[in-house]
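Engineer: Residues per chain, in single letters:
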Amino acid sequence: MTSQQATAGDNLIEIRNLKFQRGERWIFDGVDINIARGKITAIMGPSGTGKTTLLRLIGGQLRAESGSIHLDGNNIPKLSRDELFQVRRKMGMLFQSGALFTDLSVYENVAFPLRVHTQLPESMIRDLVLMKLHAVGLRGARELMPSELSGGMARRAALARAIVLDPQLIMYDEPFVGQDPISMGMVVQLIRLLNDSLGLTSVIVSHDVHETASIADYIYVIADGKVIGQGSPEQVLNTDEPRVRQFIRGLPDGPVPFQYPALDYRQDLQLEPL
Amino acid sequence: MTALATATIEGDTLALAGVLDFDSVLDVAEQGQHWLQESAPAQCNLDLSAISYSSSAGIALLLGWLRVAKKQQKTLHILRIPDDMVALARVGGLEDLLSGA
Ligand SMILES: Nc1ncnc2c1ncn2[C@@H]1O[C@H](COP(=O)(O)OP(=O)(O)O)[C@@H](O)[C@H]1O
Ligand SMILES: [Mg+2]
Chain E
62 MTSQQATAGD
72 NLIEIRNLKF
82 QRGERWIFDG
92 VDINIARGKI
102 TAIMGPSGTG
112 KTTLLRLIGG
122 QLRAESGSIH
132 LDGNNIPKLS
142 RDELFQVRRK
152 MGMLFQSGAL
162 FTDLSVYENV
172 AFPLRVHTQL
182 PESMIRDLVL
192 MKLHAVGLRG
202 ARELMPSELS
212 GGMARRAALA
222 RAIVLDPQLI
232 MYDEPFVGQD
242 PISMGMVVQL
252 IRLLNDSLGL
262 TSVIVSHDVH
272 ETASIADYIY
282 VIADGKVIGQ
292 GSPEQVLNTD
302 EPRVRQFIRG
312 LPDGPVPFQY
322 PALDYRQDLQ
332 LEPL
Chain R
7 MTALATATIE
17 GDTLALAGVL
27 DFDSVLDVAE
37 QGQHWLQESA
47 PAQCNLDLSA
57 ISYSSSAGIA
67 LLLGWLRVAK
77 KQQKTLHILR
87 IPDDMVALAR
97 VGGLEDLLSG
107 A
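So the protein lines, in turn, are chains E and R.
Residue numbering for the first sequence follows our numbering, starting at 62 and increasing by one per position.
Residue numbering for the second sequence follows our numbering, starting at 7 and increasing by one per position.
Mixed in with the good hints, there may be bad ones.
[What the hints assert, rightly or not] Computed far set for chain E versus chain R, every beta-carbon distance over 10 Å:
#1 G91
#2 D133
#3 G213
#4 V238
[Claimed, not checked] Covered stretches of chain R, going by a simulated chain E footprint (3 or more residues, C-beta under 8 Å):
#5 23-33
#6 51-64
#7 68-81
#8 86-98
No lab work stands behind these hints: they were computed from the structure.
Cβ atoms here follow ideal geometry from the backbone N, Cα and C, with glycine treated the same way.
All chains, please: the whole structure from these sequences, using the hints.
Structural biologist: And the structure:
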């Protein structure tokens, strides 16, 4: 239905022969990765392998020494600053740290990208903020300040902000870190719901094997600058590759309801029946 | 890169066409509001069959018009809403509101 979908192939992102160096060390030494359109792709690997670095390379905050990162036909490392600015509007990023503006309420945090990037009137901004907060279960928590939120709630508020401009791509850096088991289940559900309902393409970077395997459509395992394994979660979980096997341990999780107590939704939208 | 949204009024129906992105909703917002306040009958329709893409801003546009209609004691029936728009509304918990209920 979108023009992007009409013009491009099955992969939103194609990474080819990517090389990136920090000091003497090759963080990436010839990496090929495909990010399939509309799917959830996970990039896994031990701490320090370069997972966060990879997201920054895709986002264009870092530039690769060589190789290509094509996003819908644009080669990210070769884009000008202006072109990169345009492309970045299509990306939502949920970084592990530096989530919310601490001096703004939850509402204003989510409204922020709308105020920066659109000319929409306050009434539409309010509708959009309420919709996105409802999606993450925090419509009733909008007046809270970040300091009043649990870790899981803060992550969900940041997620609402990351999707408020309807990005085409969303990248999650370690979405399961620091989550208690209940909010962990919510985050898993949300990533899947948003991916499937909004026609998003999702990239998850994580070292949590079981949560990631429970939602990813496809997994890459990276270590020592290379892709050391890839496949469906089932294929990766059952691999004989010794380094890939090191990741595997258990942690079950179930679905949970997650709306923070809120006003009746229709009243909130000033649309209660006449 | 600016995509266009257009609104065409015929009798009791406003037909939207094109793309409802975060910019183009503003092309039609006032026109629809004015119609609802001035000339739309008490039972009126919004035909979405010619929408090729809608962002969440398109949902906000509809909510705004529903509020105007309600204030005017008019009923705006939403017709032929594309599946993708329904999915978008569902994520925001609004599928009932926009299904013409
Ligand atoms: N700004 C930096 N300067 C130098 N080295 C860095 C910098 N950021 C990260 N690194 C190094 O690059 C490697 C990969 O880091 P990172 O991408 O954060 O790994 P991961 O996210 O997989 O844990 C690590 O060895 C880290 O120490
Ligand atoms: Mg990291």
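Engineer: It remains to establish, for every hint, whether it holds in the given structure.
Structural biologist: Here is how each hint holds up against the structure:
1. Its beta-carbon lying about 35 Å from the closest one in chain R, G91 (chain E) satisfies the requirement of being farther than 10 Å from that chain.
2. With a minimum CB-CB distance of about 13 Å to chain R, D133 (chain E) clears the 10 Å threshold, and the non-interface call stands.
3. The Cβ of G213 (chain E) sits about 19 Å from the closest Cβ of chain R, beyond the 10 Å cut-off, so the non-interface label holds.
4. Interface exclusion of V238 (chain E) from chain R stands, the closest Cβ pair being 25 Å apart, more than 10 Å.
5. Beta-carbon proximity to chain E at under 8 Å applies to 4 residues in the region 23-33 of chain R; the threshold of 3 is reached and the given coverage holds.
6. Taking a C-beta to C-beta cut-off of 8 Å, the region 51-64 of chain R contributes 5 residues in contact with chain E, enough for the three needed, and the coverage statement holds.
7. Taking a C-beta to C-beta cut-off of 8 Å, the region 68-81 of chain R contributes 6 residues in contact with chain E, enough for the three needed, and the coverage statement holds.
8. Look at the region 86-98 of chain R against chain E: 7 of its residues bring a Cβ nearer than 8 Å to a Cβ of that chain, three or more, so the hint holds.
Of the numbered hints stated above, none is contradicted by the structure.
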